[in-house]
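One letter stands for each residue in the lines below.
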Amino acid sequence: MNTYRLIRDRGAIAVVIVLVVLLVSACAGVGSPQPAPATQTQEQVVPSEAVLESEGVLRVAMQPIVQADPAFISSDSEVLVANHVYDYLVDIDPSSNVIPRLAVDWKVQDGGLTYVFKLAEGVTFHDGSRLSAEDVVWTFNRLRDQALELPTADLYSNISTIEASGELEVTFRLKQPNPFFLYDLSDNHALVLKANTQDAASNFNGTGPFKVARYSPEDRILLEANGDYFIPDLPKLAEIEIIFFNDENAAVDALRGGQVDLVMRMSTALYTSLQDEPGIVTTDIPTNGFDLVRLRSDRTPGDDPRIIQALKLATDREAILQLVQQGYGAVGRDSPIGPMYTQYYSEAFPLPARDVEAARQLLREAGYPDGMELTLHTPDTGGRPDLAVVLKEQWAEAGINVQVSVEPESVYYGDNGWLEVDLGITGWGSRPYPQFYLDVMLTCDAVWNESHFCDAEFDSLAITAGTSLDEVQQAEAYHKIQQILIERGPVIIPYFFAQFAAIRDQFQGFELKAFAGRTDFRAVSLRK
Amino acid sequence: MRREADSLTLFAQNGAAPGRGRRLLSSLRRLYAVPSAAFGATIVIVFLALAIIGPLIAPYEANQQEFQDARQAPSKAHWFGTDHLGRDVFSRVLLGASEVLWLSGAGTLLAVLCGTGIGLTSGYLGGWVDELVMRLFDSLLALPALLLALLMLGAIGTSVTSVLFVILVVYTPIVARVVRSAVLSIKTRGFVEVARLQGESLGWILFREILPLVLPTLAVETALRFSYSIFLVASLGFLGVGVQPPSPNWGLMVKEARQSVSLTPWALYYPVAAISLLVISVNLMADGLKRVLQSPVE
Amino acid sequence: MFCNHPLNKLPEHLPTLNIEGLTVAYRQNGRWLEAVRDVSLHIQPGEIYGLVGESGSGKTTLALAVLRYLGQYGMILQGKIELNGKNLLDLQPAEMRKIWGREMAYLPQNSQSALNPTLRVGDQIAEILHYQLDMGMKRAQRRAVDHLREVNIADPERVASSYPHQLSGGMQQRALIAMALCSNPTLLILDEPTTNLDVTTQAAILELLVELISQRQTAALYITHNLAVVAQMCQRVGVMYAGVMLEEAAAASLFAKPLHPYTHGMLSSLPRLGEGKASARLQSIGGQSPPPGQLTSGCVFQPRCPLAIEVCSENPALSSPSAGRHIRCHRWEAILKGEISLPTAPGMESPGRMEASDKEVALSLEGVAVRYPLRRTPLDILRREPGRSVRAVDELDLVIASGQTFGLVGESGSGKTSLARAILGVADRTEGKMELLGAPLPAQLSSRKRETLRRVQIVFQNSEEALNPYLTVEEILLRPLVTLLGLSRQEARDRVPELLRAVRLPAAYAVRLPTQLSGGEKQRVAIGRAFAARPDLLVCDEPVSALDVSVQASILNLLCDLQVENRSSLLFISHDLAVVGYLADVIGVIYLGQLVEIANADDLFKPPFHPYTEALLTAVPTLETQSRQKGIILSGEIPSPTEKPGGCPFHTRCPRLVGEICKTQAPPWQRREGSSKRYRCHIPWMELQAAQGKLANGEIQAG
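Protein chains in written order, with my numbering: chain A, 1 to 528; chain B, 1001 to 1298; chain C, 2001 to 2703.
In case anyone wonders, no lab produced these hints; they're calculated from the structure.
None of the hints are false.
Below are the DSBU-like pairs computed for lysine-lysine, each with C-alpha atoms no more than 30 Å apart in a straight line:
#: 1; chain 1: B; residue 1: Lys1187; chain 2: C; residue 2: Lys2433
#: 2; chain 1: A; residue 1: Lys175; chain 2: A; residue 2: Lys107
#: 3; chain 1: C; residue 1: Lys2098; chain 2: C; residue 2: Lys2080
#: 4; chain 1: C; residue 1: Lys2433; chain 2: C; residue 2: Lys2663
#: 5; chain 1: A; residue 1: Lys392; chain 2: B; residue 2: Lys1076
#: 6; chain 1: C; residue 1: Lys2644; chain 2: C; residue 2: Lys2433
#: 7; chain 1: B; residue 1: Lys1187; chain 2: C; residue 2: Lys2449
#: 8; chain 1: C; residue 1: Lys2644; chain 2: C; residue 2: Lys2663
#: 9; chain 1: C; residue 1: Lys2257; chain 2: C; residue 2: Lys2606
Here are the computed distance ranges between Cβ atoms for each label pair:
#: 10; chain 1: B; residue 1: Leu1125; chain 2: C; residue 2: Gly2021; range: 58 to 66 Å
#: 11; chain 1: B; residue 1: Leu1202; chain 2: C; residue 2: Ser2488; range: 18 to 26 Å
#: 12; chain 1: C; residue 1: Ser2635; chain 2: B; residue 2: Pro1035; range: 53 to 61 Å
#: 13; chain 1: C; residue 1: Arg2672; chain 2: B; residue 2: Leu1132; range: 58 to 66 Å
#: 14; chain 1: C; residue 1: Arg2495; chain 2: B; residue 2: Leu1202; range: 24 to 32 Å
#: 15; chain 1: C; residue 1: Arg2495; chain 2: B; residue 2: Leu1125; range: 29 to 37 Å
#: 16; chain 1: B; residue 1: Pro1074; chain 2: C; residue 2: Thr2118; range: 53 to 61 Å
By construction, the Cβ of each residue, glycine as well, lies at the ideal position given by its N, Cα and C atoms.
Hey, can you work out the whole structure from these sequences and the hints?
Here it is in structure tokens:
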């Protein structure tokens, strides 16, 4: 063997070793780009004369932002930036209550058809101009303009007129009463811009607590305190630096290494691993986000209601929560109305306990005495493959043999293939109020009625819940809906996710929200 | 002339022709004379043995989930610990061996059979057939193996059969090229020409005259392809295509354990170690085979 | 012919190289095998010492030991190697490196691998001057050109700036000689420096070497298997066998009166130039050389020695019959005194010569041309130019009578192998008319019927190539019976012992694989296979040139016997005039794809000769050690068939060029009543005969 071949062959082995090392390191998250060391960011701090009481820099690890125009933002990081550069008219607190922001007060008139908002005084945009009612009118007219086809056009299609009824007073008139209108006004996109803003994607001219000091796409964005913010004493921090990370493992490593101070949204495993980390405070709050297992109810075998009941009886929700979510979040009761919606959630109707024998019995009755074979489709993201694997084991005890089919998320949701399969897992995000889930997922003509569920009683209850201005009637409708879903619903909702965050302990006043991007940093400050 | 014949007879007595079996044995002995190859071959044999007896000795079932026992560090009860779903990592690694070895072994075998057939025919016939086949293979080889695999799996869907098919398509051109280049040098040798002059059939010339000479090269190539196949199978598992959970495919195990590496690092390290060890061992064995088979005999 | 040295000039001063009791061993499978055993020799300045031996005799190991270049598996077990009084075995590797190139140079056999293909020849020489003699690079490059000129390269500047692949084999060898001699070493080791060269080139290189060595008074160790070259080149000769020096003597006395039975056997197994098979059967040494390192007690040659007696099982001591002569044999005195006679070549039964009937024609070729198409460039295809081709064989006519042996002689590149391939039906493109036994012979193998296939078979030069290493001897021998004679496997198997007996191999060989056979045995199997289906025409392409001399003789004998038994015709292709002359009935000399001379074997060696034949004949080294008139050294090398000269193809190198006519007109065949000879030349018979008269005085006949 000549030298060249020797080298080549050794080379092959070397390549394999390198690949393996890469694989290992990629898994450990070492291969990802490391953020710049902390000292460098501190050098960039340019103290603003206006900031007198604000102090400290909060460095947040977040995904890179793509959209900066509030009308198009969607990811956590995009919303987080917008939420601090701009202000909402009304906001939602961590307990899902509507709270004032730019609007200090409001009145509901005409049986829920007219909303009058009073704006705060002395609000200025970052360019120095004053906020007026016209700016609010322009903002919401833009968002609801059908011709612009913005993502909010549908949401606000129920608005008939918006007018500036005073210098600092705005009046909204609706076509139909909408009990959730205030929630709609606090939609992620509903940030108030200056009237006639042309380049909303790049000028960052908000009224918010922070101004954009520097933005390096794909790298980081630096926000500095707005000294003229209309609420005195806020913000408390001098700067927020949002450092972009594509990989959550890398972000958590950076938190451990002191390169960032705050990480929001991470996998359960990463969050668990941070529990005993000195100098880091972990917070988790329940959300209404959930993974859902559904069986198509319009064709065999799901058209026999006993099958979904058997699946439900064979499912051990507590074990699933422990294994897949490591105990964080909450056990689900097969309805999208989770415990976060305190005013609607009900445990009055009991959820049957796991009973493998009963499940077998139901299968026998349904004509499957020897068990059945099913294929469980799932996207490859989050804990969904794990959920599928755990369900496979649990259901196997009841004689339901499941073939797991994991597909890349883009493939699974692409071309509406996910609506086609019989048995599938879908992840749903957290919403401020529950009506959304009913309308898009469970009513007969819902766009994403993945289970092809159609129930007249359910539909009429959903309409009542969605339109009644009577809070008692509304809550009753939601309670009844939860009962129907336990009795004959096509879905299993084994758990609700928790939202995780971990922050270095020199900060205080951090209050995580179910949608991490809406978390409010105005009150976060350095611990004295 | 008489003397000559006598002395030849004398000479004939001191060496009877050893059989093929003994030759194989002597090849093995020579393989074991190379320390790195001996190490590689031993490990490969151990893995093969584990793949076969794995189901008998595995303490747990591959997908047995004990949610009270989830995320346990390695202990007496769970030698390699348990993963985030409470499955015994040792049992999974053990039971995964048979799947990885079976898939990559069968895939390699298919690719080698196919590649040998095509390489032999194409190389021996030459001309436009050869030109056409080789250009076709060139275009396949222009794509990186993993990319080609992903493209194909995207097109034909993911299943065990697809993975076998992918290995076949990815490695057939490489084997065919190696065989073909060996054939090109062999087909001009005298005995091939003599065979043609004796009116031997194409089959005889390809399989009896040429193939035996290609075998050493082929053996080395097979071992190399085997190691690459193992890696490909693991990579596909890691990328989540090809095999479906809860299969104890090592690559898939790495993918699953990656999520919770900070909690259950052992669930990641053991399958990674298994992949590395097996791939390196097969490579060392291939290296040794090359030294033994492609150097002049005695 | 080259050596003009006083034979009785005995060593009086310090020898340049002095080897005493050298034993070298190689490590194999954990054992040390002695490849050279207790060898002593010395070489004086200006002396060329010939070391002769068959393959495996340890001669190259000896050279490598002198170079201290044995590699990790070789070791000098004992002995002394002195170069100019220094014991080389005491030197450190670094000191040894200084000796290489300065005091000692090595000229290897394979010029292809000895030259670095990526460096210009001039730079390679300059590098040696630069590193070994500390010469400035610029100056070294100028000196390199001078050195190239010294080795008679006509255009040294061009050669210096050429890459090795741009040079012919002879030119490469000259460049290597220039490299070896540029630092003016005191010892030059030459390991078969001309073995791969054509006989005409070899003659030129040998002449050059003799000249340079005597000029510079370099001591030279000349290693070769070719006895004739040694006879031409060397003052003293050592004969090695199985790692042992059996006999050492001055060249003249060794060739005149070999004392060792092995030396004698080797000499008598060589066919002499001009000696045909009718006059004598070749003497061969039975058996074969032991594998290197095989430990034997007693005389190493004893198993093969025709004179072996009881005492030979003891190791013979080195005796010295006369000054400067050494021998290792128990029976030398008896041989010297003539008490026992070694079997000599004549007097043995002569192989039969078949009566070639003139009427029955085995093979007839008319205007046969073999063309190798050149690759068409894309430009050619665009211009719609027809594909060009090289004519390796050009309009050749040839008739081989039934039972006749037709010898075809020519240098490499003359087209002899292409002609053979055309007859076999495996050439790329063959034109012209070929007939076998009066029936047309299709040019392509695929269109030949099985019966036709049976009629034409081949024996190759290289038996390594000819036998499939993975088939047993039995399988090899029975295949033609199955495919060509249509026998069943069992019938064929039953006939294998008979075939083995025919090629004088024991029946037990049937189960062996080719790797378990020696070179001669392999060639026997190949011959057995070729004759198995009783072909009418057997093409032998250099069947013995890869074999040691002692084996070569027995193979030639076997070929003769089988040809007679099978009544086959033989087309025997060789570059070796002596071998062809011995075996053939009719000889054709081929040059650039054309026959230039055809004659019966007896007539070929009588003048007039075609000038090319003449050059070949005089270039062949013979065992004659006496100086003779200088041979005709051809200038240049055989032109490439792509640039075939017009007129007479030989005119570019012809020493007897007549004038313009040679360059423009194809020469006519010259022939004469009473001679079977005809040749293609513009010089008429009588004129050429007169000019070559001297040669006619039997001087070509070797003694």
